[in-house]
Amino acid sequence: MNNTIKFKIDGKEIVAEMGKTIVEAAKENGVYIPTLCNFPGVPPKGGCRMCTIKINGRFMTSCTTPAAAGMEIESDTAEINDLRKSIIELLFVSGNHFCPACEKSGNCELQALAYKYQMMVPKFPYSFPLKEVDASSPKIIKDQNRCVLCQRCMKTIKTEDGERYFAFENRGDKLEVILDPELGQKMTDEIAKLAMDNCPVGSIIQKEVGFVEPIGTRKYDKEPIGTDIDV
Amino acid sequence: MSKKIIATASLAGCFGCHMSILDIDERILDLVELVEFNKSPVDDIKKFTKRVDVGIIEGGCCNSENVENLKYFRENCDVLISLGECAIMGGLPALRNGIPIKECLEEAYCDGPTVGLNTEKIIPNDPELPMILDKVYPCHEVVKVDYYLPGCPPRADLIWDALVALLTGSEMDLPYEVIKFD
Numbered sequence: 001m002n003n004t005i006k007f008k009i010d011g012k013e014i015v016a017e018m019g020k021t022i023v024e025a026a027k028e029n030g031v032y033i034p035t036l037c038n039f040p041g042v043p044p045k046g047g048c049r050m051c052t053i054k055i056n057g058r059f060m061t062s063c064t065t066p067a068a069a070g071m072e073i074e075s076d077t078a079e080i081n082d083l084r085k086s087i088i089e090l091l092f093v094s095g096n097h098f099c100p101a102c103e104k105s106g107n108c109e110l111q112a113l114a115y116k117y118q119m120m121v122p123k124f125p126y127s128f129p130l131k132e133v134d135a136s137s138p139k140i141i142k143d144q145n146r147c148v149l150c151q152r153c154m155k156t157i158k159t160e161d162g163e164r165y166f167a168f169e170n171r172g173d174k175l176e177v178i179l180d181p182e183l184g185q186k187m188t189d190e191i192a193k194l195a196m197d198n199c200p201v202g203s204i205i206q207k208e209v210g211f212v213e214p215i216g217t218r219k220y221d222k223e224p225i226g227t228d229i230d231v
Numbered sequence: 001m002s003k004k005i006i007a008t009a010s011l012a013g014c015f016g017c018h019m020s021i022l023d024i025d026e027r028i029l030d031l032v033e034l035v036e037f038n039k040s041p042v043d044d045i046k047k048f049t050k051r052v053d054v055g056i057i058e059g060g061c062c063n064s065e066n067v068e069n070l071k072y073f074r075e076n077c078d079v080l081i082s083l084g085e086c087a088i089m090g091g092l093p094a095l096r097n098g099i100p101i102k103e104c105l106e107e108a109y110c111d112g113p114t115v116g117l118n119t120e121k122i123i124p125n126d127p128e129l130p131m132i133l134d135k136v137y138p139c140h141e142v143v144k145v146d147y148y149l150p151g152c153p154p155r156a157d158l159i160w161d162a163l164v165a166l167l168t169g170s171e172m173d174l175p176y177e178v179i180k181f182d
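These protein sequence lines map, in sequence, to chains P and S. Numbered according to this note's numbering, the first sequence spans residues 1 to 231. Numbered according to this note's numbering, the second sequence spans residues 1 to 182.
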């Protein structure tokens, strides 16, 4: 049985295996669709809406939608890019994102997306919410000021027994991702580094290793996010 | 062509953005051909003496004097630019924004580890001092701002390209490397 399907993104023909999501299929074909909460290897949730595309004229999230034969997809258009920029702007004003003072600056996916879409200033008013910083773990700092609630740490950082280091606390606008206090005490350097690397922003920072890379050599200093995917 | 008039101010900033203007290096000679400075810390002119084409603001508004000064600039400048993270989003001074102002002042003048000489625990209250605001405000939340140049500090190339484009009416290209928030 033939398991491949064909569809189009911005006029370019994409050939993919049946069952792949649009984000995955696009990536394999050299087309970058921006994502933030999505993480390879864990089930997508379509939470941040950065990967919004138009399928046959209808807005959908490409991380959760399986590719299907004959789809006509719009992605890199002025209308959709403007929506994506608005999402980034909302994330910037809803937290406290002080890039100049952040250890993740230069390696931050939220910042990189803001660069890609040329955010000079958010069009929404800043909310400056009062947030806490949890530095109780000997290995990491969990800074709620910078958290975008993507759940990537919750889904990927686990003990050998599958226990999660991070979990949701509270609801609504008080919702936060917190570190399990007991597991936080027992955290290894390897887990701490993985947690920092998997966090798209600077909400999880490994202690005692900040600012190791000089400006100019960091991940998004010279090339926009997605450059490694786009052909 | 007559020279365009420029004015600059540093509100709640660190003067780093002004330093970055100096990073245009020898292009400063071209700048002198292109513009004349009016009110600015560069030439120490305190009051506007003529209508200004481009006003450049560094820093956000953390006290009443910043607000007054910013409004004074808006009144006297045709085009107003927010230069740098502090002008755009409050920057590092805005780290205090979640903390009540009373707590901030008590920590700074009464309870902090370096307040030893202030034995009477006086929070400065001389009428000469500008009133501190409840939080640090981005400039565009106080007056209308026309353009934004991000960075901490904004790269000299960004400042130069933006100024030349604005003053000569030419189009500006924005290479990826020049838009940075740090």
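Since the hints were made in silico from the structure, they are not lab data. Glycine included, each C-beta is placed from N, C-alpha and C at the ideal position. Wrong hints could be hidden among the right ones.
[Stated by the list, open to error] One-sided excerpt, in silico: chain S residues whose CB lies under 10 Å from chain P:
(1) Phe37
(2) Gly98
(3) Lys102
(4) Gly151
[What the hints assert, rightly or not] No more than 25 Å apart at the CA atoms, straight line, and that leaves these computed lysine-lysine pairs for DSS-like:
(5) Lys45/P - Lys207/P
(6) Lys71/S - Lys123/P
(7) Lys131/P - Lys222/P
(8) Lys85/P - Lys45/P
(9) Lys85/P - Lys6/P
(10) Lys222/P - Lys186/P
(11) Lys174/P - Lys46/S
(12) Lys102/S - Lys50/S
(13) Lys193/P - Lys222/P
(14) Lys131/P - Lys102/S
(15) Lys4/S - Lys123/P
(16) Lys131/P - Lys54/P
(17) Lys12/P - Lys54/P
(18) Lys144/S - Lys85/P
(19) Lys123/P - Lys46/S
(20) Lys71/S - Lys121/S
(21) Lys131/P - Lys46/S
To see whether the hints hold, each was checked on the structure:
no. : hint                : verdict
1   : Phe37               : 25 Å, violated
2   : Gly98               : 4 Å, holds
3   : Lys102              : 15 Å, violated
4   : Gly151              : 9 Å, holds
5   : Lys45/P - Lys207/P  : 30 Å, violated
6   : Lys71/S - Lys123/P  : 21 Å, holds
7   : Lys131/P - Lys222/P : 32 Å, violated
8   : Lys85/P - Lys45/P   : 20 Å, holds
9   : Lys85/P - Lys6/P    : 29 Å, violated
10  : Lys222/P - Lys186/P : 37 Å, violated
11  : Lys174/P - Lys46/S  : 47 Å, violated
12  : Lys102/S - Lys50/S  : 41 Å, violated
13  : Lys193/P - Lys222/P : 24 Å, holds
14  : Lys131/P - Lys102/S : 18 Å, holds
15  : Lys4/S - Lys123/P   : 29 Å, violated
16  : Lys131/P - Lys54/P  : 36 Å, violated
17  : Lys12/P - Lys54/P   : 14 Å, holds
18  : Lys144/S - Lys85/P  : 22 Å, holds
19  : Lys123/P - Lys46/S  : 32 Å, violated
20  : Lys71/S - Lys121/S  : 34 Å, violated
21  : Lys131/P - Lys46/S  : 40 Å, violated
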